[in-house]
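The chain contents come next:
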Amino acid sequence: MTTSQALMPKTGIRYWPGRFVRGIGRFLKLMSRNKTGFVGFLLFLGFVLMTTVGTLLVPKVTSADITAIYEPPSKAHWLGTDSQGKDILSQIVHGGWDILQMALLTGIISTFIGVALGSLSALVGGGFDAFLTMLADIWLTIPRFPLLAVLATLVKLDNMLFLALLLSVLSWAGLYRSIRAQVFSIKERDYIEAATALDLGMWHIIFSEVLPNMLSYIAISFTFGMTSAIYAQVGLVFLGLVPLTRNWGVMINLAWTQGAIFFKDSVYFIMAPVTAIALFQLSIVWMSRSLEEIFNPRLRTG
Amino acid sequence: MNAGSGEYLIGARNLVRMFGSRRERVTAVEDVSFGIREGEVVCLVGESGCGKTTTGKMIAGLLKPTTGQVFYAGKSVWNPRGDRGEDFKKFRLGVQIIHQDPYASLNPSHTIYQIMSAPLLHHKLVANTHEALDRVIELLTTVGLSPVEDFLYKYPHQLSGGQRQRVSVARALTVNPRVIVADEAVSMVDVSIRVGLLNMMADLKRNLGVTYLFITHDLAVAKFFAWEGHIAVMYVGSIVEFASTPQLINNPLHPYSKALLAAVPEADPELTRSKARVELRSQDIPSLLALPSGCRFHPRCPYFEPGLCDVKRPELLPIGENRYVACHVAAREAGAVS
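First to last, the sequence lines map onto chains A and B. In terms of the working numbering, the first sequence has 278 at position 278, counting the first letter as 1, and numbering is strictly consecutive. To get the working numbering, take the position in the second sequence, counting from 1, and add 1000.
Calculated directly from the structure, the hints in this document are not laboratory data. Note that the coordinates shown come from a computational prediction; the quantities given were computed from them, not determined experimentally. Any given hint might turn out to be false.
Stated by the list, open to error - Straight-line C-alpha distance at most 27 Å; calculated DSS-like pairs for lysine-lysine:
1) A:K187 - B:K1090
2) A:K187 - B:K1154
3) A:K187 - B:K1124
4) B:K1154 - A:K35
5) A:K29 - B:K1154
6) A:K187 - B:K1089
This is chain B alone, in the form it adopts within the complex (with noise of 0.2 Å):
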């Protein structure tokens, strides 16, 4: 995938970052690439602690990569140097971050008026205060917060979890970001609420355009949110498999790809019974100081094969239309050619 092309509005070209001293180095993001085209939804799908946020926030510019490029508009963000890059600005406000924990991403001493005036007000996107609450009150109904009296005065402890993630998505929105990247939106707001809370992030691409970086370890939430979209499935560090949503639901290729779907639960009980059940060799994840040679799935993979896995890592190839995957079984019955 050629992430710096005019094709893709913003997308990563082997990106690496890793933690720690010298001593103790932590590779959390390992050669990552993809791409997103403009309105589109790619949905970065893993375990916790795969990489999805690091890599997130890369994509977001709120972590500099160890190596790699991040791509914005068919410009690189960071210049050869390691420092931001001419568009840096209209990167930065082009693509905004919603944070996992709705509790910790708004400032508790600030009321919702004050924290979504203050970008607009910062970036004279607003002419005086008057035009500020105007626009901070077309947000917040945006977002569907309404009638606004009841909340463009509270602090947000007084409002719910659904509540304030709803204000973090408006936050963003004040400095009109063409990018969006949703580190886990929903996953720690109640169940009920969820949808609602979906349904209006699609809402804001389907009317606003917004592109997403959909990053969750929920298969079921990814094929709720991204069905016209796309998924990359990481496994630690790296994509294994990428391939549009309904295809990755259907057929999965990768083995974690078919193990991660084997372990959503189905309401319909005849699904369950008639569903493919991936057998993994191992439940453990490994740890990120100690990686297996080879495929870094190998030692729990079904498939694995002796002399091939454990020695020669699979690179991501592509198998079909914007399809790739990174198994050298899957490639092979598929007839990719590397």
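So here's chain A without its partners, still in its complex pose (with noise of 0.2 Å):
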């Protein structure tokens, strides 16, 4: 028993925030394994902390201040002043969340739909199987981003839910035809046979055997998912065709309409919410490279 008992996984702390914090130190070790990964997540953590935070220490600015109208980066103002007069950080740091919230609740919602879908078609495989393939070939054709354009002039897209359930479920068919693929590669690998002569279940068999093999691949997936909702969410808002209070995209719109065609002053207006969004995008491009070593222990070498 003493041998044993020394061989045993995860001895020691048992009571909750003692387990908790191990479990953060074990998540940063793991993430800071890939340096590139690392900076990515770190990051993507200011990004989180500086929209939801920085809200906090940064005042928001409401009235406009025609003396001070496309000032350049100063003290008063790190990152000069809009077309009104306003300071341009302040409007970064408060326009964040709504591009992150929708960014991440798109990312969950299509890798669900994704995932459930692929793996519940190769799984059940017949006729089931045969429809959805066949839907989602005929999605793929759709152009999605014109057709989102006409669907935001019939329906009111002002909630921040709808418009990421609707970008997920024009988004599905993409991740459905890889996660189906995958499946069917490992259901027939010799492990799921030997799980099946073990009789270990079909429950089992999806979230222990195959799942595990597929993660890495899902949280990349979902990093992409998360990019491209971003690209789809500004698009919309840049060509002013979803009113959502003033948000990095209102920002680029504001800035190319009120100025920036015209005057080289406006430059730190609309490169702020640019370089915003290009950040952030790098941020979760990168940090999906630790994703992936996490997930993939063939990847963690030493």
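Grab the two chains, each in its own frame, and use the hints to assemble them into the complex.
This is the structure we're talking about:
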């Protein structure tokens, strides 16, 4: 018994704060294995903090100040001011949460739809699979963004959850196809057959044998779902089709229509949201590298 | 052979398995019958594509036979409607399979401990994770993976092919199987590791009374592993000869068995020179889509008799104590009556 106790996994801390801290520690350790991924993770964390905690530190500017239009960056205005003399930094800080929340929501919903339908399709097979695959093929031929633009004129897209749902539904087919292909390949492997012979049950086979082998893929799809959702949303806002409160997309729209075409002074106004979006996207793409390593033990060496 | 009788622990009767759609059907296994006694080894030998693995999977219950029946402990595995019989659960755990490819048979995302504790905990063979760990340690030691702490929390990709194959065996042992179907279990392992692995598996037979269906294309391995058991020689979907290992090695009757034996290289040059040469008429294995008429072996057979072999299909006839051969010529010479 003594030797086996020494070999027991996860011995020691049993009360939850300790376990929680230990879990975070392990997560950070795994995240930091890939340098690029860790930088992406820190950047992502920075964006999340900026748009949540940051809003408490940077006051929201509501009134215009005509004496300070298009000021370059200074001590008072770190990123300069816009066409109405409002502080740009404040707008960046207050205008990001919308985008982040929507990106996360869309990522979660679209990944869920893709994974659920894809694995179900591959495992059930038959007519169900044939029908869904045909539907997906037709769906993939529909150009997503023009359809969104047309829809936006018909339906009022001012609800965040609704917009996320719409974006996810429109983008289900791609992930569905790849998850279906993955499950098809994995379910024929020998270790699935061994699990069948050991009578471990359908539940175990799906969640413990098939799913873990797709997790890194799913994590990456999730991040790409997020980035494409951001582009879609910003694009819609930029075209003025989605009347959301002032966020990065609206800022680009305003900067574009109110000055960027005419005044070179407005460069800070238009570049600030563009850079914010680009950096945020970059952070997600980089972070996906670490996620890949976390979920694929073969990539962890040493 | 009456595979369903209580004499045999596991057996097959008239197993047939076809693949493909109605338009293009391939018969991978046609009419295979044999039985294995408790604690015995039966080797299924034949060249690739002859239906060894398909037979093995049907014996392990992983493939449903198109027609025919599998018997386990005197009871049929599939009921008349083709569904799982009443004792299927007992059969399912009682017969385990070890795959050929040690790189594909272990889930790459689990540690060895996770792989082995899953069946223990799922079937409540142990009370808690502590007992599971004890049992995993015991089993890893049984299959010769010690010191266990070097393996418990490793991932499969960190182990060698031979070590992985040992883990596969240990995983099969978690549910205390009575029969192990070893499907080319050593053919993808380095030659230097092979004997150790075979000896370990032979120890399981001796100490735990495990019954084996040992599938291999290598007669030398069959001879080494199943000297006290039987060998069934398969050729394009059917058994052509069934005999005890010493009989088959020393005195093969079917021309295909003779050809297989002649192809085994001997270390002794004297022996090689004196060994009976078998001149096949053709080296080509027939396509499963266009099987030859009559005896499947007749286009290659040196004993071919026109008008008999290419017309009439030879049956697997008894020609002695637990010895069967499916050849018109060999059966006639052995004095069998059909």
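Consistency of the hints with the structure:
1. A:K187 - B:K1090: 24 Å, holds
2. A:K187 - B:K1154: Between A:K187 and B:K1154 the Cα gap is close to 23 Å, so the pair holds against 27 Å.
3. A:K187 - B:K1124: 25 Å, holds
4. B:K1154 - A:K35: Since the Cα atoms of B:K1154 and A:K35 sit roughly 24 Å apart, the hinted pair holds (cutoff 27 Å).
5. A:K29 - B:K1154: 18 Å, holds
6. A:K187 - B:K1089: 22 Å, holds
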